[in-house]
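Q: Residues per chain are reported as follows:
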Amino acid sequence: MEQVVVNGLYLGAQYALIALGLTLIFALMNVLNFAHGQMYVLGGFVTYTIYGQMKLPFVLALVCSGLTLAVVGAFCEKFLFRPVIRRSKRDESTMLLAAAIAFLLDAVILLLFGEKQRGVPKIINGVFLSDTIVMPYDRIVVGVVAIVMIATFVLYMQYSKTGRAMRALAQDRVAAQLMGVNVERYSMIGFALGAMLAGVVGGLLVTITGISSGIGGPISIKAFMMVMIGGAGVVGGAIAGGFILGMMESVGLTVLREFGDITYLVIFVCLMVFLSIRPNGLMGKPWG
Amino acid sequence: MGNLLSLKDVQLYYDHVYALKGVSIDVNEGETVALIGANGAGKSSILRAITGLKGIRSGSIRYDGQSIDKAGPDVIVRMGISMVPEGRRVFPLMSVRDNLLMGAFTRTDKAEIRQSLEMVLARFPRLKERYTQAAGTMSGGEQQMLVIGRALMARPRLLLLDEPSLGIAPKLVQDIARSIVAINREDKVSVLLVEQNSRMALRISQRAYAIATGKVALSGNSAELLEDSRVKDLYLGGEV
Ligand SMILES: Nc1ncnc2c1ncn2[C@@H]1O[C@H](COP(=O)(O)OP(=O)(O)O)[C@@H](O)[C@H]1O
Ligand SMILES: [Mg+2]
Numbered sequence: 001m002e003q004v005v006v007n008g009l010y011l012g013a014q015y016a017l018i019a020l021g022l023t024l025i026f027a028l029m030n031v032l033n034f035a036h037g038q039m040y041v042l043g044g045f046v047t048y049t050i051y052g053q054m055k056l057p058f059v060l061a062l063v064c065s066g067l068t069l070a071v072v073g074a075f076c077e078k079f080l081f082r083p084v085i086r087r088s089k090r091d092e093s094t095m096l097l098a099a100a101i102a103f104l105l106d107a108v109i110l111l112l113f114g115e116k117q118r119g120v121p122k123i124i125n126g127v128f129l130s131d132t133i134v135m136p137y138d139r140i141v142v143g144v145v146a147i148v149m150i151a152t153f154v155l156y157m158q159y160s161k162t163g164r165a166m167r168a169l170a171q172d173r174v175a176a177q178l179m180g181v182n183v184e185r186y187s188m189i190g191f192a193l194g195a196m197l198a199g200v201v202g203g204l205l206v207t208i209t210g211i212s213s214g215i216g217g218p219i220s221i222k223a224f225m226m227v228m229i230g231g232a233g234v235v236g237g238a239i240a241g242g243f244i245l246g247m248m249e250s251v252g253l254t255v256l257r258e259f260g261d262i263t264y265l266v267i268f269v270c271l272m273v274f275l276s277i278r279p280n281g282l283m284g285k286p287w288g
Numbered sequence: 001m002g003n004l005l006s007l008k009d010v011q012l013y014y015d016h017v018y019a020l021k022g023v024s025i026d027v028n029e030g031e032t033v034a035l036i037g038a039n040g041a042g043k044s045s046i047l048r049a050i051t052g053l054k055g056i057r058s059g060s061i062r063y064d065g066q067s068i069d070k071a072g073p074d075v076i077v078r079m080g081i082s083m084v085p086e087g088r089r090v091f092p093l094m095s096v097r098d099n100l101l102m103g104a105f106t107r108t109d110k111a112e113i114r115q116s117l118e119m120v121l122a123r124f125p126r127l128k129e130r131y132t133q134a135a136g137t138m139s140g141g142e143q144q145m146l147v148i149g150r151a152l153m154a155r156p157r158l159l160l161l162d163e164p165s166l167g168i169a170p171k172l173v174q175d176i177a178r179s180i181v182a183i184n185r186e187d188k189v190s191v192l193l194v195e196q197n198s199r200m201a202l203r204i205s206q207r208a209y210a211i212a213t214g215k216v217a218l219s220g221n222s223a224e225l226l227e228d229s230r231v232k233d234l235y236l237g238g239e240v
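Residue numbers (my numbering), protein chains in the order written: chain A, 1 to 288; chain B, 1 to 240.
Since the hints were derived computationally from the structure, they do not count as laboratory data. Virtual Cβ for every residue (Gly too), placed ideally from N, Cα, C. Accuracy of the hints is not assured; some may be wrong.
Simulated pairs of lysine-lysine, DSS-like, Cα-Cα distance not exceeding 25 Å [unchecked claim]:
{"no.": "1", "chain 1": "B", "residue 1": "K8", "chain 2": "B", "residue 2": "K70"}
{"no.": "2", "chain 1": "A", "residue 1": "K89", "chain 2": "B", "residue 2": "K54"}
{"no.": "3", "chain 1": "B", "residue 1": "K8", "chain 2": "A", "residue 2": "K161"}
Listed next, the stretches of chain B that the computed footprint assigns to chain A, with coverage defined by at least 3 CB atoms under 8 Å from CB atoms of chain A [said to hold, decoys possible]:
{"no.": "4", "segment": "24 to 35"}
{"no.": "5", "segment": "72 to 85"}
Some chain A residues judged to face chain B by a derived CB distance under 8 Å, without partners named [stated by the list, open to error]:
{"no.": "6", "residue": "P83"}
{"no.": "7", "residue": "V84"}
{"no.": "8", "residue": "L110"}
{"no.": "9", "residue": "L112"}
{"no.": "10", "residue": "E115"}
{"no.": "11", "residue": "S160"}
{"no.": "12", "residue": "T162"}
{"no.": "13", "residue": "G163"}
{"no.": "14", "residue": "R167"}
{"no.": "15", "residue": "A175"}
{"no.": "16", "residue": "M179"}
{"no.": "17", "residue": "G180"}
{"no.": "18", "residue": "N182"}
Build out the structure end to end from the sequences listed, making use of the hints.
A: As structure tokens, then:
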């Protein structure tokens with residue numbers, strides 16, 4: 001029982017970080033970033049290259065994963081989304097663009113890193129053992145880092161001037177403009193921040209589960225599920241969605257194991273029933 | 001009394017439909033100027049043109065001796081023009097405090113921002129009582145006070161107000177009108193006030209323009225317009 005909870009928390013923290021990035025981009029720009037999973041994969045391969053191949057410190061690799069994706073995110077916003085949003089009022093345009101970026105990143109990642117699953121040396125050896133819990137130390141470290149990052153993100157959004165401006169922009173674009181918020185600049189910052197979160201989680205998880213070029217799509221789908229559970233564009237919703245999905249997966253993998261690989265089937269069914277009752281998710285309101 | 005804001009022959013279009021077809025208005029330093037007129041006349045469009053929310057087709061807008069008709073909203077706020085938009089538009093999920101701090105977004109001196117905050121809270125004591133409450137949960141009148149306070153947090157020289165009395169309880173309309181007068185006289189902020197409540201607007205302004213179908217139909221001294229038979233028929237009929 002305790003084991004299931006701890007696994008769920010560890011997984012949920014990673015998921016919540018992914019969902020936070022996705023929901024931030026959605027709240028600020030009304031863009032569904034279908035390439036979010038690919039950004040995660042790219043982050044994983046950056047850490048793989050710097051820490052796994054070049055044998056440089058893991059912390060440095062993780063920072064590089066974040067920075068690389070921040071640059072990729074800023075670039076996507078400035079040169080791809082911004083011109084499309086300026087010319088087209090239809091939401092489908094940005095969706096198609098995001099899907100195209102996803103395919104492009106998939107192709108680039110495949111070209112650069114091949115199709116093999118890649119892993120890196122453990123960041124810490126050893127396993128924590130108690131009467132009820134077995135948890136490798138590296139998972140504990142990765143989980144704690146993720147939770148600290150979630151807390152930092154929430155505090156940053158709540159108390160920094162930039163965070164306040166991003167919340168204002170999400171709640172009322174016109175009013176935010178009238179306060180002097182430069183919409184283009186803050187959309188770029190928000191996109192960079194969202195992509196950075198995806199990249200950092202990729203860098204964290206490559207040390208546990210490894211990384212391969214094909215998992216971008218499935219990660220995006222999980223991210224969308226979390227955001228739908230919590231309610232799109234809401235910080236608390238993304239965090240809740242992340243932990244709920246993490247917990248469901250953890251429970252499913254334990255309880256449903258004897259029935260075969262049906263955890264995600266059950267999760268999808270639950271999600272469909274849930275969304276038919278609460279189409280806006282748990283906290284379906286714009287930003288919180 | 002120097003000229004602060006001057007629109008000359010401003011034309012503004014939404015796609016291919018005009019909203020303003022040659023509007024010229026002036027606001028002098030220290031004045032309260034009212035824009036009255038029916039729904040759809042183009043009053044909000046005039047304010048949108050001034051703040052840079054909407055680009056103009058032709059004409060010119062000058063503020064403090066500079067041309068501002070190509071500048072975006074974020075530049076214009078920094079030049080000293082704050083706008084209270086129609087329909088209040090608080091940041092609904094943010095606290096009163098955070099809403100007010102957003103008003104000071106363009107400013108950096110923390111001590112001075114704190115000072116402005118105290119001034120705004122002194123002007124609107126109700127906001128002090130609601131300080132940590134989410135703005136979206138307040139009454140319409142309180143939200144109106146909040147957005148006026150928020151605009152003042154930018155320390156403007158010119159305050160644009162778009163229908164501050166709309167949908168507000170009659171008792172509070174008086175309070176809001178009094179605040180606008182105080183802001184103009186005590187804080188030395190020039191005011192351009194858009195109102196459908198023409199009587200209130202003409203009472204608290206020195207000059208006024210009546211806007212009809214994208215043009216200035218009438219203009220002059222507010223006290224005289226209050227007595228003008230055309231104004232009475234068109235804009236004051238039925239109102240108390
Ligand atoms: N965003 C918009 N798109 C198209 N037409 C608009 C838009 N906003 C206003 N209009 C039109 O422009 C005209 C002037 O509107 P507005 O300036 O809002 O008038 P007022 O504030 O005096 O009620 C109206 O005919 C209105 O229908
Ligand atoms: Mg209007």
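Q: Run every hint past the structure and note whether it holds.
A: We went through each hint and held it up to the structure:
| no. | hint | verdict |
| --- | --- | --- |
| 1 | B/K8 with B/K70 | 14 Å, holds |
| 2 | A/K89 with B/K54 | 16 Å, holds |
| 3 | B/K8 with A/K161 | 38 Å, violated |
| 4 | 24 to 35 | violated (count 0) |
| 5 | 72 to 85 | holds (count 8) |
| 6 | P83 | 17 Å, violated |
| 7 | V84 | 20 Å, violated |
| 8 | L110 | 41 Å, violated |
| 9 | L112 | 39 Å, violated |
| 10 | E115 | 45 Å, violated |
| 11 | S160 | 11 Å, violated |
| 12 | T162 | 10 Å, violated |
| 13 | G163 | 10 Å, violated |
| 14 | R167 | 6 Å, holds |
| 15 | A175 | 4 Å, holds |
| 16 | M179 | 5 Å, holds |
| 17 | G180 | 4 Å, holds |
| 18 | N182 | 5 Å, holds |
In summary, the structure is inconsistent with hints 3, 4, 6, 7, 8, 9, 10, 11, 12 and 13 from the numbered list given earlier, while agreeing with the others.
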